[in-house]
Amino acid sequence: MAIITLTTDFGLKDHFVGAIKGAIYKELPDVTIVDISHNIGPFNIQECAYILQNSYKHFPEGTVHIIGVDAEPTPETKHIAVLMDGHYFICADNGIIGLLNSETPPTKIVEIAIHNADSSAFPTSEVFIRVACHIARGGTLEVVGKPYNNLHEVRDLAPSVSDGGNKISGVVLYIDNYGNVVTNIHKNFFEAYRKGRDFEIQARTKVLRKIHRKYSDIIDYNLDKSKRKGPGELLAIYNSANYIEIAIYKSNPRAGGSANSLLGLDYLDSITINFK
Amino acid sequence: MAIITLTTDFGLKDHFVGAIKGAIYKELPDVTIVDISHNIGPFNIQECAYILQNSYKHFPEGTVHIIGVDAEPTPETKHIAVLMDGHYFICADNGIIGLLNSETPPTKIVEIAIHNADSSAFPTSEVFIRVACHIARGGTLEVVGKPYNNLHEVRDLAPSVSDGGNKISGVVLYIDNYGNVVTNIHKNFFEAYRKGRDFEIQARTKVLRKIHRKYSDIIDYNLDKSKRKGPGELLAIYNSANYIEIAIYKSNPRAGGSANSLLGLDYLDSITINFK
Amino acid sequence: MAIITLTTDFGLKDHFVGAIKGAIYKELPDVTIVDISHNIGPFNIQECAYILQNSYKHFPEGTVHIIGVDAEPTPETKHIAVLMDGHYFICADNGIIGLLNSETPPTKIVEIAIHNADSSAFPTSEVFIRVACHIARGGTLEVVGKPYNNLHEVRDLAPSVSDGGNKISGVVLYIDNYGNVVTNIHKNFFEAYRKGRDFEIQARTKVLRKIHRKYSDIIDYNLDKSKRKGPGELLAIYNSANYIEIAIYKSNPRAGGSANSLLGLDYLDSITINFK
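Protein chains in written order, with numbering that gives the first Met the number 0: chain A, 0 to 275; chain B, 0 to 275; chain C, 0 to 275.
Incorrect hints may appear among the rest.
Since copy identity is lost for identical chains, a pair holds within one copy or between any two.
Unchecked claim - Think about it this way: if two alpha-carbon atoms lie no more than 25 Å apart in a straight line, the pair counts; the simulated DSS-like pairs of lysine-lysine are: (1) Lys249 to Lys12; (2) Lys224 to Lys107; (3) Lys25 to Lys56; (4) Lys186 to Lys12; (5) Lys213 to Lys107; (6) Lys56 to Lys12; (7) Lys213 to Lys12; (8) Lys107 to Lys25; (9) Lys56 to Lys228; (10) Lys209 to Lys12; (11) Lys249 to Lys194; (12) Lys25 to Lys205; (13) Lys107 to Lys145.
Source of the hints: derived by calculation from the structure; they are not laboratory data.
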């Protein structure tokens, strides 16, 4: 049974998500539709990329991913269908494909050529669904449109290195549901420059000298309970996407605060790492 | 495979949605359940109607739509099952059916007569699920209850016309996820009175003289990028439901503002259109 | 077709939910995945228990429930799989199983022994999914790990009785989507001590002397509409989970207020009942 996923900035109140699902089921009754997220910040393709890149790889190869963020076609932004990393992506060519940071380049890209003259304010439901169902039925990209070689690129939020390889400058890429602060510094990037050295992560006024693998690694279970660290403790961790994350142990943004609120670290704020 | 949709004001935190889905799957293991929205404003059947009318038509005919908004039965509000426009609706007779603005009147309405004495504070899970599964299995409305001819009507939020057909007075029907302001003035209604004339849409202190088909229509792609209009620009558009919508191009309610916040336009506020 | 449910504190924006679903479908393409809630308060196992206990019983026996709340394994918190009340639960042994208030004790509990050395910050996706799919395929708990007899217990939010059985002291267990205030006083508990007597429920400065079965029971439909009680009226009710709930009739927390906001009653605040 084919899978079609949805990643959008439509929110979960409006009729958009329901309308899309209805239209997909009408075309393809036995497809499986999976919501990745409908709470992407409006038009925020950087955030969309972070969420989608950490989701799509878990799906079976051949899954079709509809990206309904900043998807209105314009003379300068084409609708495209992309085969990359064994997965299909249907989106506007607004830069999102490059931001997904796939380890392999796209295998195939076509410009969608099935728009009708009557296209409206809601392209996702009209064009994306038809293409998604076509692919989900086993159809080829060649039928959808002509090869497209002009992929739009936008500035990736990549960390930079300075001071002769002694300093990494990154930024906050994402604030998660726990208020934990995800940086744009990937484990592989960090380790490539670290070369086994000691380091200091500077997050506002706080300095962290260790990166954990699990949140509970900050607790020494050999100590008596009264002497242990616990909820509220600041730590750095490789998160499930392998980015360095500044976290509060058992953080609750709605009570007691989070790394985001307590350190005042927001989207695009700086994080630096100095090697010793 | 039959489809049952859910449109409720239950929210997505409480146990209600999970409980309903469990009970449906227990009765009918291979049904497809689709969430239209669980974020309808509590007891707001006008809002429910707007969201459902723009969703249900996209589903295949024969789909069963459970409406869990203001659904407690009372001596004056019966539980009903309705066949309309090829779709089944299960709801309380609180006015919602009339508000759905179907182009055809209901084909069949029955008063649900399968309540047990032990009905509780949560009617949707007990009665609506049994009726929905009965219909989804191919059962008839006749088995559910007796014909019902007493459909409750509530004031529709229809626009009015004055000044000898020169003025349309409408209101804000809905604020969407982008903070865009949807009016109750449908394209067909507008065009019927416009008769090709110029017009001015008055939205608070702003005046708009054009209604676009796509958000990006405000951009002249022949101009140099530095000279174009862009994000933040106010426009009017026929939205995907064909209502006139006052929008901000690439609006983000959480950053920079939206038509809703910048113009101070809220649910039921006035919008007027004058023809020249 | 097997059912796997998800109850987590992941929220609906992050990639976690999408990643989990993708991984489940990759292992078990024709499973049915149902979201119970992803909006549990971070690490709040009391809230998780309230929502899950009122959802899971509605699912068919044999359903597998993944609990992704406070799920990181530590030397003192094992991952377990539990058969209870005909349902399977996969979780950390953080006290949640005892809090579910099943009427029958667990039939079988095993400590999950399929962790690999490389476990990361995101246990749910790695271990829980493998165990859930194993059970959903019809596999036995014996294969998952060894019997476990050391179930962790946490303080349940049970009401207490004093004054020779004349007073019940409870607390607020949950605030629902309507802002209604659910107490920890179950109908059975209340009736066992009431023994037919009159009573006064004290909720802040308000006193209620009746517990209704339906919200609309406060309305006397024999009266003229202008003389009836209506929206905004305070009442006590047995909610759909059979706990005593303090509610506002047709409450809308976003407009006009709710029992939660109007009475200033929050999670863990006191509610007392005195018998006459």
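So, going through the hints one by one against the coordinates:
1. Lys249 to Lys12: Classified as between: cross-chain Cα gap 19 Å, same-chain 29 Å, threshold 25 Å.
2. Lys224 to Lys107: neither (56 Å within a copy, 30 Å between copies)
3. Lys25 to Lys56: Classified as between; 10 Å across copies, 27 Å inside a copy.
4. Lys186 to Lys12: between (37 Å within a copy, 23 Å between copies)
5. Lys213 to Lys107: So Lys213 and Lys107 fail the 25 Å test inside a copy (38 Å) and across (29 Å) alike.
6. Lys56 to Lys12: Only across copies: Lys56 and Lys12 sit 17 Å apart there, 28 Å inside one copy, limit 25 Å.
7. Lys213 to Lys12: Close across copies (22 Å), not inside one copy (35 Å); limit 25 Å.
8. Lys107 to Lys25: between (28 Å within a copy, 23 Å between copies)
9. Lys56 to Lys228: Classified as neither: same-chain Cα gap 35 Å, cross-chain 38 Å, threshold 25 Å.
10. Lys209 to Lys12: Answer is neither: 42 Å inside a copy and 28 Å across each miss the 25 Å cutoff.
11. Lys249 to Lys194: neither (31 Å within a copy, 44 Å between copies)
12. Lys25 to Lys205: Cα proximity of Lys25 and Lys205: none, with 54 Å in one copy and 41 Å across.
13. Lys107 to Lys145: within (10 Å within a copy, 49 Å between copies)
The structure shown violates the earlier hints numbered 2, 5, 9, 10, 11 and 12.
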